[in-house]
Amino acid sequence: MSIQTEALRLSQLDRLEAESIHILREVAAEFRNPVLLYSIGKDSSVLLHLLLKAFRPARPPIPLLHIDTTWKFREMIAFRDRRAAETGVDLRVHINEEGVRQGIGPFTHGATVHTDVMKTQALKQALDKYGFDAAIGGARRDEEKSRAKERIFSFRSAQHRWDPRNQRPELWNLYNARIRQGESVRVFPLSNWTELDVWLYIWREKIPVVPLYFAAERPVVERDGALIMVDDERMPLRPGETPMLKRVRFRTLGCYPLTGAIESAAETLEAVIEEMLTTRSSERQGRVIDHDPSASMERKKQEGYF
Amino acid sequence: MTVTPERHAALAAYLRKHEGRDQLRFITCGSVDDGKSTLLGRLLYDTKLLFDDQLAALARDSKRHGTQGDALDFALLLDGLEAEREQGITIDVAYRFFGTDKRGFIVADCPGHEQYTRNMATGASTAELAVVLVDARKGVLTQTRRHTWICALFGIRHVVLAVNKMDLVDYDRSRFEAIAAEYTALAYALGIADATCIPLSALCGDNVTARSPRMPWYEGPSLLEHLETVRVERATGGTGFRLPVQWVNRPDHGFRGYAGTVAQGRIAVGAEIVALPGGRRSRIARIIGPDGDLEVAAAGQAVTLTLADELDIARGDVIADAAHPPQVADQFACRLLWMGDAPLLPGRPYWLKIGARTVGAQVTEIRHKIDVNTQAELAAKRLELNEVAQCNLSLDQPVAFEPYAENRTLGGFILIDRQSNATVAGGTLDFALRRAGNVHWQHIDVDKAARATIKGQKPCCLWFTGLSGSGKSTIANLVERRLHALGYHTYILDGDNVRHGLNRDLGFTDEDRVENIRRVAEVAKLMVDAGLIVLVSFISPFRSERRMARALFGEGEFLEVFVDTPLAECERRDPKGLYRRARAGQISNFTGIDSPYEAPEAPEITLRTVEAEAGALAQRLVERVLSFEPAHGREA
Numbered sequence: 001m002s003i004q005t006e007a008l009r010l011s012q013l014d015r016l017e018a019e020s021i022h023i024l025r026e027v028a029a030e031f032r033n034p035v036l037l038y039s040i041g042k043d044s045s046v047l048l049h050l051l052l053k054a055f056r057p058a059r060p061p062i063p064l065l066h067i068d069t070t071w072k073f074r075e076m077i078a079f080r081d082r083r084a085a086e087t088g089v090d091l092r093v094h095i096n097e098e099g100v101r102q103g104i105g106p107f108t109h110g111a112t113v114h115t116d117v118m119k120t121q122a123l124k125q126a127l128d129k130y131g132f133d134a135a136i137g138g139a140r141r142d143e144e145k146s147r148a149k150e151r152i153f154s155f156r157s158a159q160h161r162w163d164p165r166n167q168r169p170e171l172w173n174l175y176n177a178r179i180r181q182g183e184s185v186r187v188f189p190l191s192n193w194t195e196l197d198v199w200l201y202i203w204r205e206k207i208p209v210v211p212l213y214f215a216a217e218r219p220v221v222e223r224d225g226a227l228i229m230v231d232d233e234r235m236p237l238r239p240g241e242t243p244m245l246k247r248v249r250f251r252t253l254g255c256y257p258l259t260g261a262i263e264s265a266a267e268t269l270e271a272v273i274e275e276m277l278t279t280r281s282s283e284r285q286g287r288v289i290d291h292d293p294s295a296s297m298e299r300k301k302q303e304g305y306f
Numbered sequence: 001m002t003v004t005p006e007r008h009a010a011l012a013a014y015l016r017k018h019e020g021r022d023q024l025r026f027i028t029c030g031s032v033d034d035g036k037s038t039l040l041g042r043l044l045y046d047t048k049l050l051f052d053d054q055l056a057a058l059a060r061d062s063k064r065h066g067t068q069g070d071a072l073d074f075a076l077l078l079d080g081l082e083a084e085r086e087q088g089i090t091i092d093v094a095y096r097f098f099g100t101d102k103r104g105f106i107v108a109d110c111p112g113h114e115q116y117t118r119n120m121a122t123g124a125s126t127a128e129l130a131v132v133l134v135d136a137r138k139g140v141l142t143q144t145r146r147h148t149w150i151c152a153l154f155g156i157r158h159v160v161l162a163v164n165k166m167d168l169v170d171y172d173r174s175r176f177e178a179i180a181a182e183y184t185a186l187a188y189a190l191g192i193a194d195a196t197c198i199p200l201s202a203l204c205g206d207n208v209t210a211r212s213p214r215m216p217w218y219e220g221p222s223l224l225e226h227l228e229t230v231r232v233e234r235a236t237g238g239t240g241f242r243l244p245v246q247w248v249n250r251p252d253h254g255f256r257g258y259a260g261t262v263a264q265g266r267i268a269v270g271a272e273i274v275a276l277p278g279g280r281r282s283r284i285a286r287i288i289g290p291d292g293d294l295e296v297a298a299a300g301q302a303v304t305l306t307l308a309d310e311l312d313i314a315r316g317d318v319i320a321d322a323a324h325p326p327q328v329a330d331q332f333a334c335r336l337l338w339m340g341d342a343p344l345l346p347g348r349p350y351w352l353k354i355g356a357r358t359v360g361a362q363v364t365e366i367r368h369k370i371d372v373n374t375q376a377e378l379a380a381k382r383l384e385l386n387e388v389a390q391c392n393l394s395l396d397q398p399v400a401f402e403p404y405a406e407n408r409t410l411g412g413f414i415l416i417d418r419q420s421n422a423t424v425a426g427g428t429l430d431f432a433l434r435r436a437g438n439v440h441w442q443h444i445d446v447d448k449a450a451r452a453t454i455k456g457q458k459p460c461c462l463w464f465t466g467l468s469g470s471g472k473s474t475i476a477n478l479v480e481r482r483l484h485a486l487g488y489h490t491y492i493l494d495g496d497n498v499r500h501g502l503n504r505d506l507g508f509t510d511e512d513r514v515e516n517i518r519r520v521a522e523v524a525k526l527m528v529d530a531g532l533i534v535l536v537s538f539i540s541p542f543r544s545e546r547r548m549a550r551a552l553f554g555e556g557e558f559l560e561v562f563v564d565t566p567l568a569e570c571e572r573r574d575p576k577g578l579y580r581r582a583r584a585g586q587i588s589n590f591t592g593i594d595s596p597y598e599a600p601e602a603p604e605i606t607l608r609t610v611e612a613e614a615g616a617l618a619q620r621l622v623e624r625v626l627s628f629e630p631a632h633g634r635e636a
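As they're listed, the protein sequences go chains A and B. Read in order, the letters of the first sequence correspond to residues 1 to 306 in the UniProt record's numbering. Read in order, the letters of the second sequence correspond to residues 1 to 636 in the UniProt record's numbering.
Calculated directly from the structure, the hints in this document are not laboratory data. For clarity, every value in this text was computed on a predicted model and none was experimentally measured. Errors might be hidden in some of the hints.
[Unchecked claim] Straight-line Cα separation of at most 30 Å, DSSO-like style, residue types lysine-lysine; simulated pairs:
#1 B:102 <-> A:206
#2 B:102 <-> B:17
#3 B:17 <-> B:63
#4 B:448 <-> B:525
#5 B:455 <-> B:525
#6 B:17 <-> A:206
Could you build the full structure based on these sequences and the hints that come with them?
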């Protein structure tokens, strides 16, 4: 009972930070060829920050990989390249060229086909091409129901499949990293963080994030109940649709045609956190892909989605 | 919107409050249908932690899969896998996050079915408190006892017994008190110091977040009040500093750091440390924390240490306070929860991971398994899925440790199957066994090389494996005759013959087959040590035992000979009439009939007896053995 006068008092964020660093070091030590899946969003920004801390003063022994669907917000790509240059990390970018040749896109093929070809299949291509045996992602258990069930070290078959009914037991922080040739593990160091923890940590540590998280006047159209930003000329407007300038921001970032904005006046990090504390909807609400059949995240994850 | 200094100050105050807020990690467990998921859903709902879109999805799902008519089915909030929603059961542990002004909570909702006990253990291993549910109509069940035992195994000191569905027993006080008395006695017997019993109804919300007027006779706190206020001890045990090294950080020749999370105690720059199991000493030169250099590091922090001297420290070593070091041992008494689909067999080799170290290990003895329903200690030669036992454990190299009751990081371990790589057991170290320290190796001047030289041969072990009747003994016999005629010193260990003597006490169950092979492998090793060419002719059906045998020998000393004869052919030959008797049900556990044969994946030599006759195959083997001859060897 707090006879631990010797122990320092660690705050909740300190404990989460230490746990994530521990996980990243286990990955570096146990795998032959690990990679960090960098998606440019706030969770990836936190992961990159933790990665730099975990191996200081050395450069991180783990490279970054971005799966570029070619439909990301332009500001995301600019931010990605700037952060890679500033931190000096090894960043690799993979695009499903076959999908590009076939002209796959969210407007022509719909959200499901686009996400499968340009994201899930592209990810599998990249993992196979580089022979990565561990892929670190920023998913959190508070995001979605099937993610709430996933292990921190989540085993994948040689076909990249997740078997949610037969996960390896995971006791304490003793992560079992043993796999056979061709098999791999997805690792989620932010499993125990909540959305609020992520924002508070960004605030405490002054971590740079993509400006799209902050409110600004942006051209949007209202489509199927979501505010979609017209980020480039590839977006076909429907009859009667004209982009309007609205004060909006994004709670999550993905492909711009599939990511709904929210009307907001929160221009600063402090205002974003305050808005979060009073919101009445969860962060994935803006993701068009999640509104496919109800358990779609689980199915996509089984097939290799992150 | 611009942020005024006042609002900025208010947010900063909030951050400090959030940071300062305590966090409790707990699990909910208990038998299936006792209403765990419903209780948690109710907690999330009543603490207003559900977002509007989640509530809308819940209303939609309740109509489709729900079991509560038009009302919200809270269980659907947690049963996130499709199979779970369809079957209405919880398969795997789900993590949920909620909080009140007093505390933040991470709760792991654990499955109730016995077959998913290993998933429940996953949740329990990181929990500080457990909420065990029982149905007021059914009382304490086998699974209640099992889960409580596992909570005790993993060192959970605080348990809440939530007697649920009180609405279905008319809020009957005597019913609650009878269950509470039975459970309190059980918890006490298992060494759980703090067991609090609360009568409630998750469905109706009685005593969940607020005290219920329908049970005025109950004077204790509601569940949420208890969770907010219960005092849990964070760290226990000694205060001596311990850090298992995860990663040796060497960006250049000028820096050598040891990265890891402090498992216990605290350390300051300049303090004297010892690196175990090696035992070399030095002083702390620098402590590098997440934000730069520190003067002091303490339990829970992820740091990188540099030392005043250059020591050879590797991943898995433990850096400890030199004045109060932990013990180092390779033989232990432990408690074990078996989670493998195939049974645990004593003597079979597994990987053991403790801290940042992975070593080879075997369970040398199951002292007894435990009937979780009665706590009775039962004799056992194997452990099946979800069984718990007290065992003796032998590691192939020593490790620094603390008893689990003192420190979870240095006393908790997992076992990993060497073939499937599955996590097959979770265990806790109780104490070191001294036996190993008292049996010393006797040093002998004449060694294996000397004994081999005087015989003018290179000793080795030819390990014949294959089905009964495949031709192992026939070929081994021909090989030995030929080698003997050429003047070599040989010996055949034959399965049938050894079972008449050394292994007379063993039968044909899986565990006896493992022991059979272990003894023969050890005898073969002694004979190779004596300089002989040993021919072992045993069915040896399991890969893991052949691997264990191989591990006893030096590089190039062990040749696995797969006598590859199809089952149909063996059965046609049936030289001893055994297949006929096995088919007639007169022999059980017969390899190839009702006991498996695992063919070698990469044998040194494969002999196909249907393609060549025994003499020619024997000749091939003789040539292979003699090709190992040193250059000065005689003519073959």
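Hint-by-hint comparison with the structure:
A hinted pair counts as satisfied when its Cα atoms are at most 30 Å apart, and residue 102 of chain B with residue 206 of chain A qualifies at roughly 27 Å. The hinted pair formed by residue 102 of chain B and residue 17 of chain B meets the criterion: a straight-line CA distance of about 10 Å does not exceed 30 Å. Restraint check: the Cα-Cα separation between residue 17 of chain B and residue 63 of chain B comes to about 40 Å, which exceeds 30 Å; the hinted pair is violated. With a C-alpha separation of about 11 Å, the suggested pairing of residue 448 of chain B with residue 525 of chain B holds against the 30 Å cut-off.
For the proposed pair residue 455 of chain B and residue 525 of chain B, the alpha carbon gap of about 17 Å is at most 30 Å, so the pair holds. About 19 Å separates the Cα atoms of residue 17 of chain B and residue 206 of chain A, which keeps this hinted pair within 30 Å; it holds.
Consistency with the previously given hints fails for number 3 only.
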